[in-house]
Amino acid sequence: MAEALVIQERQEKEIAQALAIQERQQKEIAEALVIQERAEKEQERQKNEKLAAYLRSLGINPDEI
1 MAEALVIQER QEKEIAQALA IQERQQKEIA EALVIQERAE KEQERQKNEK LAAYLRSLGI
61 NPDEI
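Sequential numbering of the sequence shown, starting at 1, is according to full-length UniProt numbering.
Honestly, I wouldn't trust all of these hints.
To be verified - Okay, derived cross-link-like pairs now, DSBU-like style, lysine-lysine, Cα gap no bigger than 35 Å in a straight line:
# : residue 1 : residue 2
1 : K13       : K27
2 : K41       : K27
3 : K41       : K13
Stated by the list, open to error - What follows is a list of derived Cβ distance ranges for each label pair:
# : residue 1 : residue 2 : range
4 : K50       : Q11       : 56 to 62 Å
5 : A52       : Q17       : 50 to 56 Å
6 : Q8        : E40       : 46 to 52 Å
7 : E3        : A32       : 41 to 47 Å
8 : Q43       : E12       : 45 to 51 Å
In short, the hints are calculated from the structure, not lab data. None of the values given here were measured: they were computed from a predicted structure. Just so you know, even glycine gets a beta-carbon here, dropped at the ideal spot from N, CA and C.
Take the sequences, apply the hints, and build the full model.
Written out as structure tokens, the structure reads:
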């Protein structure tokens, strides 16, 4: 009976560790998604700025479009 309790406790500990790992992985994925979104926004901003600079070089005010 005591051996069964030891086995059960070990299994519960392993499950708790697995859950902790899973939570950590989910947090890392969420952080990676935030970084990716920031990078995409920055790329879009740079693209828009490049287009605005091109329009200015043609004598067009991009704010009036």
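Worksheet item: Can the restraint linking K41 and K27 be considered satisfied, given a maximum Cα separation of 35 Å?
Response: holds (21 Å)
Discussion item. Can you confirm whether the C-alpha distance between K41 and K13 stays at or below 35 Å?
Written reply: Violated, at about 42 Å.
Worksheet entry | 56 to 62 Å as the expected CB spacing between Q11 and K50, which holds or is violated | With a Cβ separation near 58 Å, K50 and Q11 satisfy 56 to 62 Å, so the hint holds.
Practice prompt. Could you see if the CB distance from Q8 to E40 stays within 46 to 52 Å?
Written response: Given about 48 Å between the Cβ atoms, the range holds.
Worksheet entry | C-beta pair E3, A32: status relative to the range 41 to 47 Å that was hinted | holds (43 Å)
Discussion item. Hinted pair, alpha-carbon criterion (35 Å max): K13, K27. Please report holds or violated.
Written reply: Since the Cα atoms of K13 and K27 sit roughly 21 Å apart, the hinted pair holds (cutoff 35 Å).
Discussion item. Between the beta carbons of Q43 and E12, is the distance compatible with 45 to 51 Å?
Written reply: holds (47 Å)
Discussion item. Holds or violated: the 50 to 56 Å window for the beta-carbon distance between A52 and Q17?
Written reply: Holds, at about 53 Å.
Violation of the numbered hints given earlier is confined to hint 3; every other hint is satisfied by the structure.
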